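Heads up: the sequence lines are chains A and B, in that order. Numbered per our numbering, the first sequence spans residues 714 to 1093. Numbered per our numbering, the second sequence spans residues 350 to 671.
For the record, the hints were derived by calculation from the structure and aren't laboratory data. Predicted model only: the values in this text are computed from it and were never measured. All C-beta atoms, glycine included, are put in the ideal place defined by N, C-alpha and C. Misleading hints may appear alongside valid ones.
As the list claims (entries may be wrong) - Footprint (simulated), chain B over chain A, 3 or more residues, beta carbon under 8 angstroms:
{"hint": "1", "region": "950-963"}
{"hint": "2", "region": "1080-1089"}
Stated by the list, open to error - Some chain B residues well away from chain A (every beta-carbon gap over 10 angstroms; in silico):
{"hint": "3", "residue": "Q422"}
{"hint": "4", "residue": "P430"}
{"hint": "5", "residue": "F506"}
{"hint": "6", "residue": "G602"}
{"hint": "7", "residue": "A639"}
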Amino acid sequence: MKHRYTMAAAFLAAASLALAGCSAAGGNSSSSHDSAGKKTTLTLFTDSDVGIQQLWQNSLIPSFEASHPNITVKFSSADASTDSAELARLSGSVKAKQTPPMDVIVDAGFISNASSAGLLAPISATNVPNTKNIESVMTAQDGELPYRASAVVLAYDSKKVPNPPTTLQDLLSWITANPGQFTYNSPATGGSGQGFVQAVLDSNLDDATITKMSTGYDQSAESGWSKGLQTLKELNSSIYQKNYPNGNQASLNLLGQGQISMVPSWSDIFLTTKKAGGLTADDKVVSISDPPMPGGPSYLAVPKNSTNKDAALTLLNWVLEPAQQAQIVTQVNGFPVIPTAKLPESIQSAFAGVDTTKQAPFYSAQASADMNSQWQKIVP
Amino acid sequence: MTLSGARAGESARAPRPVARRGLGRALTGAALSAPPVLVILLFVGLPMVAAVLYTLGLTGGLNSTIAAIAQHQHVSRNGAPTLAAWHEVLTDPQFLASLWATVYVTVLSTAITIALAWFLALYLRFHDNWVSRAVSALSVVPMFIPAVIGAYAVLTFWAPNGFFRTMATQLGWSHAPTFGYTLGGVIIGSVWSNLPFAVLMIVSGLQGVPAGLIDAARDVDAGPVRRFWTVLLPLTSVPTIIATTFTAIGILGSFTLPYIVGPTGGNILGPVMSNSYTAFNTPQQAQVMAVVVFVLAALAGIPYVWANFRSGRNTATPRGGR
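When you get a sec, could you build the whole thing from the sequences and use the hints?
Dropping the structure here:
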């Protein structure tokens, strides 16, 4: 027993020495990262699901390390429930002028908060040249780099519903005409339910207000939601089990099990679940319009106090290259953030039934939080 | 006793050496108990004080990070604490409904758990055969099943296409109840997951009741009910109170089970607090709710402290008598 502790202590000491060495190397390399022989270790953090973790661990990181022999990428992940804690660690390190817990943030829910708190390194065409190829619908706040996108679509069982609705009004009348055949996850627990709720609220708002909601935070405009929330409340009796599942996957699984015939879903989660056998060949997707269900990019970001900023920005720029964008399409069925025309033709056909260009943005983090809260107060 | 009494008398005349020894002993004691006390002060006490200050609108210091992110905060003016956040939460019908649901689920689940545990414990105390041994082994199984797995098991078992409903339909009962996404399901799950601890506590308490006392009661014609009320229950009151307190506090703060099994609206405070903290980005309101749950847990803890005090006095009595 004692021996084991000694070993552990020795190992810890060795590991901390090694880490100290790495961070020192990182500090040097930021001034001269082109010089050969300088090793940099990037710490990458994500709170995303297994699919995204595998995309980075098994595909992107190995090929990045192969093409950039001087940069090693250390992958770390945590559950999304730790977001507040991670954000607190990051903001603490910025305040104390210390090394941040990570050099590259992938997808994490706290990126937008970190952006508005001014914790991220600025990103522009000068330090990440490939940003010029990003499509203009992929909006971003300061310090956020869109690198993949997806949209909320309507997943349906084509055996039970041969002609699915394509506008929101048709969808709403279908739901009331077929009670117990539709549900959506509670908006606080996932973007697909949130997307459906937002589309219903948007149908009672003018374009200027919708833009205001997605780009900023205007509490007075939220009074316009009441009509849409009333519509959603009236749907209650037509919802499967009169209850709202927790999470994107839970609601989609009900479609896979044949308990319901229609559900809003993230395009990438739908395609990944179908590939994994969780859905049948009869399950298909269609985009909803007037107003559309929103979609949007997922982001990469670099903390402004990162000691390996140059290497981190190199990684960000590399992810935007067509080869990596194509990999994202094939691996996780994400939309590319650069025009699909730049991708191989075989990949362009992956999005039958889905419009990847006409996307409505999601509400801003603050407006979404208020929307979730009001939905919880009024609807269930 | 007498020895230390004599020493005490001596020390009055020659205080120095004893005082030094007493001081050394006190220092050793303090040093030994310091690590756990410091850990609790640092990781439980400090965050708790910070949280209470935050609910009063004091957003500086330790609360500055969360205050920089939160929405709909009530911030104190000129450093004077404000009760605005408390007023907002305590007058919110949604919170009051959840508070009521929490109390009701906790009281009912705890009562059912303790009653079932008593039945099981009595059976195990007075029967020793293969059935009772199997029951005693099975009764602790839920303790080894992770909360998430248990919650999904409860959900699928009671779902509209779950085992119970399927079975009932086969037997001709087409309107069997479903408990998925209801508080009823939360109660079933809470009882299921808390039963093992209560059974272990009460069984061990009952095993400690001397058989001679029960036999003596029987000899003077005390029936089973009388024996229960006058012998078994009083002698097992401390473990029963401990089991009740721990069960109640566990259910008060439970999250996983109600999150998975509970209803979307009117769920108990665990998931509601988590939603308020992250999804609604209103951590101040979430912390007000947390303080309320803390007060409820403290109330549930009073009998435990009393039981501890009582069992301490009980063990102290014989020594004092000597």
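Provide an ascending list of the numbers of those earlier hints which the structure does not satisfy.
none
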